[in-house]
Each structure stands twice: as C-alpha cells, then as structure tokens.
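Student: Each chain is listed here by its residues.
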Amino acid sequence: MKFLDHLEEWLITFLMAGATLIIFVAVVHRYAASNTGSIPALQDWLLTLNFTWAQELTIIMFVWMAKFGAAYGVRTGIHVGVDVLINRLDEKLRSKFIVFGLFAGALFTFIVASLGGYFVWENGANHAFLQLMGTPVGDVPEGPTTPDLEWPTWIVYLAIPLGSSLMCFRFLQVLVSFIKTGELPHHDHGHVDGLDDDNLHPSESNRGMKEGIK
Amino acid sequence: MSASFIFILLLALMLTGMPISISLGLTVLGFLFLFTHVPLESVALKLFTGIEKFEIMAIPFFILAGNFLTHGGVAKRMIRFASAMVGHMYGGLGLSGVLACALFAAISGSSPATVVAIGSILLPAMMKAGFPKKFGAGIITTSGALGILIPPSIVMVMYSVATSTSVGALFMAGVVPGITLALVLGGVTYYRARKFDYPRLPKASWGERWKTFRESIWGLLLIMIVMGGIYTGLFTPTEAAAMSAVYAFIIAVFVYKDLRFKDVPRVLLNSANMSAMLLYIITNAMLFSFIMTNENIPQALASWMLGNGLGVITFLLACNIILLLAGNFMEPSSIVLIFAPILFPVAMKLGIDPVHFGIIMVVNMEVGMCHPPVGLNLYVASGITKMGITELTIAVWPWLLSMLGFLMMITYWPSLSLWLPRMLGMVQ
Numbered sequence: 000m001k002f003l004d005h006l007e008e009w010l011i012t013f014l015m016a017g018a019t020l021i022i023f024v025a026v027v028h029r030y031a032a033s034n035t036g037s038i039p040a041l042q043d044w045l046l047t048l049n050f051t052w053a054q055e056l057t058i059i060m061f062v063w064m065a066k067f068g069a070a071y072g073v074r075t076g077i078h079v080g081v082d083v084l085i086n087r088l089d090e091k092l093r094s095k096f097i098v099f100g101l102f103a104g105a106l107f108t109f110i111v112a113s114l115g116g117y118f119v120w121e122n123g124a125n126h127a128f129l130q131l132m133g134t135p136v137g138d139v140p141e142g143p144t145t146p147d148l149e150w151p152t153w154i155v156y157l158a159i160p161l162g163s164s165l166m167c168f169r170f171l172q173v174l175v176s177f178i179k180t181g182e183l184p185h186h187d188h189g190h191v192d193g194l195d196d197d198n199l200h201p202s203e204s205n206r207g208m209k210e211g212i213k
Numbered sequence: 000m001s002a003s004f005i006f007i008l009l010l011a012l013m014l015t016g017m018p019i020s021i022s023l024g025l026t027v028l029g030f031l032f033l034f035t036h037v038p039l040e041s042v043a044l045k046l047f048t049g050i051e052k053f054e055i056m057a058i059p060f061f062i063l064a065g066n067f068l069t070h071g072g073v074a075k076r077m078i079r080f081a082s083a084m085v086g087h088m089y090g091g092l093g094l095s096g097v098l099a100c101a102l103f104a105a106i107s108g109s110s111p112a113t114v115v116a117i118g119s120i121l122l123p124a125m126m127k128a129g130f131p132k133k134f135g136a137g138i139i140t141t142s143g144a145l146g147i148l149i150p151p152s153i154v155m156v157m158y159s160v161a162t163s164t165s166v167g168a169l170f171m172a173g174v175v176p177g178i179t180l181a182l183v184l185g186g187v188t189y190y191r192a193r194k195f196d197y198p199r200l201p202k203a204s205w206g207e208r209w210k211t212f213r214e215s216i217w218g219l220l221l222i223m224i225v226m227g228g229i230y231t232g233l234f235t236p237t238e239a240a241a242m243s244a245v246y247a248f249i250i251a252v253f254v255y256k257d258l259r260f261k262d263v264p265r266v267l268l269n270s271a272n273m274s275a276m277l278l279y280i281i282t283n284a285m286l287f288s289f290i291m292t293n294e295n296i297p298q299a300l301a302s303w304m305l306g307n308g309l310g311v312i313t314f315l316l317a318c319n320i321i322l323l324l325a326g327n328f329m330e331p332s333s334i335v336l337i338f339a340p341i342l343f344p345v346a347m348k349l350g351i352d353p354v355h356f357g358i359i360m361v362v363n364m365e366v367g368m369c370h371p372p373v374g375l376n377l378y379v380a381s382g383i384t385k386m387g388i389t390e391l392t393i394a395v396w397p398w399l400l401s402m403l404g405f406l407m408m409i410t411y412w413p414s415l416s417l418w419l420p421r422m423l424g425m426v427q
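These protein sequence lines are chains A and B, in that order. Each residue of the first sequence is one higher than the one before, starting from 0 at the first, in numbering that gives the first Met the number 0. Each residue of the second sequence is one higher than the one before, starting from 0 at the first, in numbering that gives the first Met the number 0.
Hints listed in this document are in silico derivations from the structure and should not be mistaken for laboratory results. Virtual Cβ for every residue (Gly too), placed ideally from N, Cα, C. Please note that a few of the clues may not be correct.
[Said to hold, decoys possible] For each label pair, taking beta carbons as the anchor points, the in silico distance ranges come out as:
id: 1; chain 1: A; residue 1: F99; chain 2: B; residue 2: N293; range: 27 to 33 angstroms
id: 2; chain 1: A; residue 1: S94; chain 2: B; residue 2: G227; range: 48 to 54 angstroms
id: 3; chain 1: B; residue 1: L39; chain 2: A; residue 2: R29; range: 39 to 45 angstroms
id: 4; chain 1: B; residue 1: L324; chain 2: A; residue 2: E141; range: 49 to 55 angstroms
id: 5; chain 1: B; residue 1: F253; chain 2: A; residue 2: T134; range: 54 to 60 angstroms
id: 6; chain 1: B; residue 1: I249; chain 2: A; residue 2: E141; range: 40 to 46 angstroms
id: 7; chain 1: A; residue 1: F99; chain 2: B; residue 2: K45; range: 24 to 30 angstroms
id: 8; chain 1: B; residue 1: I249; chain 2: A; residue 2: F177; range: 41 to 47 angstroms
id: 9; chain 1: B; residue 1: W303; chain 2: A; residue 2: T134; range: 55 to 61 angstroms
id: 10; chain 1: B; residue 1: E54; chain 2: A; residue 2: Y117; range: 27 to 33 angstroms
id: 11; chain 1: B; residue 1: F253; chain 2: A; residue 2: R29; range: 21 to 27 angstroms
id: 12; chain 1: A; residue 1: W120; chain 2: B; residue 2: A317; range: 45 to 51 angstroms
id: 13; chain 1: B; residue 1: K194; chain 2: A; residue 2: V27; range: 52 to 58 angstroms
id: 14; chain 1: A; residue 1: E182; chain 2: B; residue 2: Q427; range: 54 to 60 angstroms
This is chain A alone, in the form it adopts within the complex (with noise of 0.2 angstroms):
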C-alpha cells in the first residue's frame, strides 16, 4: 500500500517535471534554430534535431498526469464540492451525505474505468493481446496510432481505466476510513509551504522599510 502511494506521488511528480522541460527545450530550440544564421554549422545541426513530437509529448504527460493527479487528490482531499448546505446539517446527517458524496465518487470513477477498459480492448489492446499470445488475429482490428509520435492510441488511452481505477479504490478508501474514523482528508486551500518560518529582513540601508517592519 505504501508502495502504491509513492509510485502515484513519484509519477505525477516526474511527469509534471518532465512535461515543463521538454516544452522548455523545444522552445528555445526552435528560438535557437532560427537565430544562430550567423554561426551555419551551429544552425545546421539545431535543424538536424526534430521537436515536433514535444506538443503531443506534453499533451499526453499531463493527461497521464491529470488521471494518476485525480486520484492522488481523493487522498489529498483537494476535490472541492459545494459543501455550504451539508455544513449546516447536524453531524448525523451531514455523514450520510458525505458517504453518499464518496460513493457516487466511486461509480462514477467506477463506470468510466469500465468503459475506458472497453473502449481501450476495442481500439488495438485486443490485437495486440491476440499478436502477443501467437494466436491468428483475424479480422481484430490493430487501432489507430497518434500522429507525431506514431504510438498507437490504446496504450495512451490506458490512463483512463488506469487512472480511474485507482481513483475509485482512493474514494473506497477515504469512505472506509470516514466511516471507522469520522474523518476526511482535507486540503487546506490557504496554506502555501515555505511562508510559515520567512518573514521580511529588510536590508540594513532600506530605511524606510524598516521603520515600517520592526
């Protein structure tokens, strides 16, 4: 269990990174590309290199990102929700709406993992079970491919049923611990890191702040 906490944490980490940098590269790339006329063999090299994959790269980065992302917020408790009626329920009431609110959390993401399975199967996980077992694969379609990185779509597609599985065992867990503990996880939407030990040490020749500070 712990195990899968922190794969989920260390993947959407590494995308989130992963994506920033490769537009990065490919903008300055391209910058690069069409401003070092004055250097040919520099420029000639920069044209050899090819980031027209970077766009549909990132593109499925953060889709992967956002899926696994989803689930990691069900622990987080960052899926905000119009809780200003339920708030004034008395507390009895109020966690029978809440094990509603995180069951219909669970078919929900329980449904779209069902069909994004399907979809999936029917858009070359099939064929490609089919090639991998050895047995004839008929008349099973192989799936259509993405345009720039030439990948075909189901193993891109696969983040949906991944992700919305995992996004419905999250919601299982957080009902399953409301209900023995009584409580949620909650994101605390003010709280920024790094602000609660810093505060301001004016310089020693900005007077005017300093009267102002100290």
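On the provided structure of chain A, position chain B as indicated by the hints.
Tutor: Quick look at chain B alone, frame taken from chain A:
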C-alpha cells in the same frame, strides 16, 4: 423538459457536497443513459480528448510557476519596492499592499496565491506598524483578487478553453481593467487612511527606490517574458507559461535562494495535485457542455431572450446577478466552466464581444472570491490574520462596494477592456 432534468439533477447532486467534477460527470451519464441513444463508449473517449488540447496545458504551467513564486523571495522584494514608491503617501503600507498585489498579480495567475504571497508578509508588518487588523485584511483580500484580472490568469485560460476565445487577446484585455481596479482599490485605501489618520512611512529617496527596484527586477522581468513573449508572437500562451515556470524555478532556487533544492519535488507534487483537480473539472465540464450543445439549450435560451425583447443591457445585468449568486456556492474555475458554455452563445447572438464578455466573467469571479460563504481570498486572509469570517466580511465591505461599482463600469463600458487588444490588432 430535458433541460430542466439536467439542471435539477446537477443542482441536487451538487448540494449533497460531492465534488463538483463528480456531480457534473454523473449528471451527464444519467442524462445520456435515460434520455438519449448516444453510445456511452464515446463518453470514455471524450474524457480523454476533453483535455487533449495544448492551450489547456497553460494551467498546470501557470500553477507551477505560481508555486515557485509564492516562496517568499519575489513577494518580499516586490513589497519593498512598492513601499519605497508609495509608502510615504496616505495609507502607507496599505497602499504599498495594493501596489505589491498588482505587481505580483502580473506574474501569478491565481488570486488566493496572491493573497498568500503578499498577505502573509505584509499583514503582520501592518499590524506591527499600528494599522487596525481589519484595514489590512480588507486591502489584501480585495487586492489579491487582482491576481485573476491582471494577466496571466488561470481563470481566463479556463474561459478561453470553454469558449475558444484567444487567450492572448483576453490577457491583453485584462491589463487596463486591472490597472483601473488597482487605482480604485488604492483610492479607497487612501481615502480611508486619510480619514482615520493611519501611519505613513518616511519618504524614500530615489537612491533607495532604485535599489529596491534593482532587487525586485528578477520578479518584474517575468512580466516582460509573459506579456512580451505572447505579444511579439515569440511564444504561445502555453509556451509562455512553461517558460515562466522554468524561470520562476531558477529565480527561486538559484537567484533568491529561498527554495532549497530538496524542496523542489514537493512543490512539483503540490502543483500537480492542484492542476490535476482543475483538469479533472475541465474534462467533466467538457462532457457537460457537450450535452448542452447536443440539446441546443444555449440556442433555446437565446431565442427565448430575443423573443421576449430582452436586449444586451438586461442580459448583462442578468449575467452579473447569476454569476454573483453562483459565486456564493462554487469556486471560479467551476463557475466559468459551467456557465460560459451556456451564456456565451447567447452573448454572441446579442452581438457582445467575446473578449469583453470574458472580462465581465472574470470580474464577477473576483467579487465572488471576496465575500462569504466560499470566497477563497477571505478564507486565506482569515488564516493569516486569525480573524473570524464574519468580522472579515465587515472589514472588506468598503473595498467590495467599490469593486461592485467597478463591475458595473466593466459591464457597460466595453472599450475599457477592448481598447488595448484593439490597439494591438488582436480583436476587431
């Protein structure tokens, strides 16, 4: 019939307190299952293709950039620069707060982040300097709202995603209203500080001003990167967002050194968490707007309005009231994603400029963030000042009232928003 079913189901599900994204998704599934023959598998595909757009990716990048920037260093130096410039006037640190919020808003795309970054440093300082708590809280809560009006703005990206309006044009259109609102809030601060005779700072010399400017230059340069990059066509808005994330990372870790390298993964994880939540709402809201269009609901609404002789003025007033009411229940991103697809086609039929309509929505969201029960800025400010929400609500009203006046001005004076993008040739 089907329209009322959709709305009643959505409202009922939302009021149970379940996540907005889930209630949107279940409404769509319920409707498709009971009323139509649209194959359900297409829903799964929509869940992927809903966010398969490069424009949407600006959101995680801006969130990441914002999280690198809120780590103190940039905000601190901007506050110093602002107080050196306007601290000697009536309102002193309060006026500096408005200016610092406006500057920080120009590099951050979120309002609560602006409140946290500026407020957590400035509010304690204001209390020490002898300002009443509620004066400072009122300023920071409302000025923090500038975060989504002054570009870059995550809410504007959301609007552009929902309506296919150009993000660049929206960003440019936010500049003049943003500066105007900063002036309005600064004016209220000045007036009240003068009336109650609050403390002022000694006047800083030009040498000191230059010094504080030079120290905050790394943060201020980011404004040039984002706006300049988009305007000159060097980057698309998404690329500009990615560039600012990398730039903010370098500033925070290597230049100002207020973020240790080992904390970077945690910042990445937190940003991913927040982005994934927003992207999840977007996917489900896309499904929702898909059935809206499928059922021709916006068209029906538009022809009903035109049939009853309701014109632009009534429509905009109604929009403002609906959006302000919605601001009582939901946070801005969800409101924009749910209401823009419904109201936007009507606005287009009435001949309202898409960019102007976007700015109206954004200003409405700003007002909603500053009043209870769900005003996020209010909760953040309450966390910093340890004031109760009721007390804060009273503290905020002089600024909030002027914001409502500003909203009317934005609504009925399109040129205020459209002048700059028109000048730059981004809208007709």
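Student: State the violated hints by number, sorted upward, taking the hints as numbered earlier in the document.
Tutor: Of the numbered hints, all hold.
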